Amino acid sequence: MTELELPPIDYAAIAPILIMLSAAVVGVLVEAFVPRRLRHPVQLPLALLAVLAALTMVVVNADKRVITIGVIAVDGPTLFLQGAILALSAVALLLLGERVVERGGAFVAQAAVTADSPEDRRQAENAGGAGEVYPLTTFAIGGMLIFVSANDLLTMFIALEVFSLPLYLLCALARRRRLLSQEAAMKYFLLGAYASAFFLFGLALIYGFTAGLGDRVAGVDFATVNAAVANSTASPVLLFAGMALVAIGLLFKAAAAPFHVWTPDVYQGAPTPLTGFMAACTKVAAFGALLRVFHVAFEGARWDFTPVLGAVAVLTMLVGALFAVTQTDIKRLLAYSSIANAGYLLVGVLAPGSGGLSGTMFYLVAYGFTVLAAFAVVTLVRDADGEATHLSRWAGLGRRSPVYAAVFTFVLLAFAGIPMTSGFTSKFAVFGPALDGGQVWLVIAGVLTSMVLAFPYLRVVVLMWLSEPGDATPTVAVPGGLTSAALVIGVLATLVLGVAPDPLLDLASSAADFVR
Amino acid sequence: MSDFPFLSVLTVAPLVGAVVVAFLPRSRPTLAKQVALGWSLLVLALSVVMWVTFQVGGDRFQFRESYPWIPNWGVNFTFAADGIALVMLMLIAVLVPLVILASWHDAEASKRSVPVYFALLLVLECTMIGVFAAADVFLFYVFFEVMLVPMYFLIGSYGGHQRQYAAVKFFLYSLVGGLFMLAAVIGLWVVGGKTFDWVALSQVDISTGAERWLFLGFFVAFAIKAPFFPFHTWLPDAGGAAPAGAAALLVGVLDKVGTFGILRYCLPLFPDAAQWFAPWALALAVIGIIYAALLAVGQNDLKRLVSYTSIAHFGFIGVGIFAFTTQAGTGAVLYMVNHGLATGLLFLVVGMLIARRGSALVSDFGGAGKLVPVLAGVLFFAGLASLALPGTAPFVSEFLVLIGTFTVNKPVAVIATLGIILAAAYVLWMVQRTTQGTLNPALTEIDGMKRDLNLREKVVVAPLIALIVVLGFYPKPVTDVINPAIQATMQDVGRTDPAPSVDTVQEASR
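Protein sequence lines correspond, in order, to chains A and B. With our numbering, the residue at position 132 of the first sequence is 132, and numbering never jumps. Numbers given in our numbering equal positions in the second sequence, counted from 1, plus 1000.
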């Protein structure tokens, strides 16, 4: 019997992942052994510290370009996207940890209590929030870090599950509107499970396809897949079917049409801080994986997948823009806006070369901060029954709370792509390389849908400023320090990336090269 | 002194002023007004110095400054002004203090923050100056879009009847045009070798197909902004709903960005496409002249009426631009200035009339001249200037446009001349129904109608009247500045003026 040979492990390279996963395990232990009233004060700093430590390790690794254990690729895009996920997570954690705006935070203490029962109402009023939120979030962040650095499809699949399962759970933990929250979690879980199954099936087909390589062992690591795309003797049907199924799994997470149907319901039902976390970080993770899969593994089939993904991009932009017009709930409106933004991001994914890659990465960061600021404001506009998300309730908000209305207006103008905001520079960052690569039709579709999309944003601005406040206009809660910090960071990032995007563009373009 | 960074300082100064004004306490509105007025006067003073420093007959672009902004995309803060930009900058600098003075009490009526109103006016001035001073296509686009935001809030928050509808329509129309332009800007960046510098881009050879698409992208944005028929429907709504001062800036300056953009970007950057599309553009312009004039005749709302007259005037400017002769081009630019003065005055006077009567409907007036003779006289003068009576400045420009066009395109010139007759109809009829004729008895019961122009209002109208008369008799200082810029633009397009027919007479006599 031969000795099992362990592959050498570059621990520094995977340190961010290890830090996040260990912090999550420690978080579980804290939940088990620390007295209830101390859990929140311990958990939040623990999670934040872990994120900051991981971020530090990412910075330390800045020049690293290795594939370790054969399954984790640490290269420019990985480090950039891991940094993005961690930075956005830090802001999202501030929102998740807010306990001042609502007593006990946005999360319910015991999710298993029957919705709308007297007990449920009692705990909605004054019970402390669940502390499991933090380890779950930390697990999700760890999964995302693996997801964007996975160098084979199997690791990618495992990472997908690691970061998805905590999110399904977290969706069900909203303190108010329990039924909506539970429905959202159920829907997300079921559809997510289907998407994972598609991904797994595609993975199997790709594995079969790589078996056609004469001189090489079959496998699902990206180098092998890349070689197989060029040289495999197996039927290309396997490749195309496998590629399509893997893409479906990833596009589901990215909220691209026609795999977007979960997005509005989940965004609406999930606790708002978590919605912000998903809109910012899940997007980075999903698009990071899409970039790696299509730029590294399937690069050789670019001519085959571009028309299909292009059609998906156009459909996504159209669906997001058109449905956003008809929405009456601010969270659903932002959900459709996030779908449309997935379309713009796909334009960047399809732009060939490093320009498209760096543009997409820039877009992910810029959009993440803006969307976190948007959901931070949503958590603040509330009445006695919690957040007032119906748009009619926002009428005249500009009179009641001019500062928050101004902040939200700025965020909406950024979404609409008005210059001097990051929304404009990020659109330029993806449309420029796309046009450069000859994808004129995608850019035209992007511009046309931006016109449509401007209308719903503007409608909210009109509601807030130009309508008179009614009796139903809620007041804006005074935010605690955490939400204020998150809001300030989000708005500042939106402004700075709009006015002086150059440093981040430099960083993105210097990072825009995959190890293969 | 010519090394002084005039253009960047002029752009930034109003913004600083706006921040100062916005943070003044809401309880002291008068202080905010005074600071805003003082600040805009400072800008005016600086502009005058710049005008004096400008070397007529010197380089085409002067006061050039360039600072790196986004090196990754080749974006620079590049400012430079040619003669066309210079006269427009001067127009802005003159109009803004007058508008601030004229809007002294406008913001109180809206129950909204007074300092914010004046801060918005200053922000608007910053973006307007920036858009004319930019010599980097990206920078121009940035100002072009950001300009919408202060105007949107001026109309939406401080406007009159139907202000929400008008503000949204204005914003969406402009944004749609802007996004077409964005696509064209990115396209230009790609074919032009990743630079946004105007000078570099004007020397790039572009394939015919790409050039036509890019031209269209820019042209649609400018045609919406100007506005040309059939993209004009937002202007009467916006002009009708905006407070009079903002409307004067909207029509007097903001819309000129469209015609200025055509002259600065569409013609020199895409000369062949400009010539190819010229017949279409001329057709739109001529239709605009006649159609808008006819609609103006039928209007019952004073501000909408003035808005429609502007659309007709923009038709004249369009004809002047696309005739491709130096005379017509100079006439068009001069028209942009004169129209700013004349229509600005008309809007401000109409605003004073409306503020007194509390209604913008022509039918609510009648014989007002008997109650407020000076105001009625100024309205009459503004109307005459607007219909281009000889002796007023607009006459010079309209005449230049028509003779410049006649030498190359007789049918267009002849049809456009019909517009003058219609102009007489809508102006004179409006004046007759509001200030002449028998006194509407309802007017005597309104207190406001018993007060004629006060000192503040006289100070507002006097400089405009003086400028209109002086430029009507002696336009040379302005035309001298415009002429070289227009000649250079025509050279870019590759058109030379037709040889004067006098030559052939001399030939024959030899």
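Note that these hints are calculated values from the structure, not bench results. As the structure is a computational prediction, the values presented were derived from the model and not from experiment. Treat the hints with care, as some may be off.
[Stated by the list, open to error] Now the stretches of chain A that chain B is said to cover, found in silico as 3 or more residues with beta-carbon under 8 Å: (1) 73 to 79; (2) 425 to 433; (3) 454 to 463; (4) 478 to 486.
In this text, a Cβ means the ideal position worked out from N, Cα and C, and glycines have one as well.
Verdict on chain B covering the segment 478 to 486 of chain A, criterion of 3 CB contacts below 8 Å: violated (count 0)
Assertion that chain B covers the segment 425 to 433 of chain A - criterion: three or more residues, beta-carbon distance below 8 Å: holds (count 5)
Verdict on chain B covering the segment 73 to 79 of chain A, where coverage means 3 or more residues with a C-beta closer than 8 Å: violated (count 0)
Assertion that chain B covers the segment 454 to 463 of chain A - criterion: three or more residues, beta-carbon distance below 8 Å: holds (count 5)
When each numbered hint is compared with the structure, violations occur for hints 1, 4.
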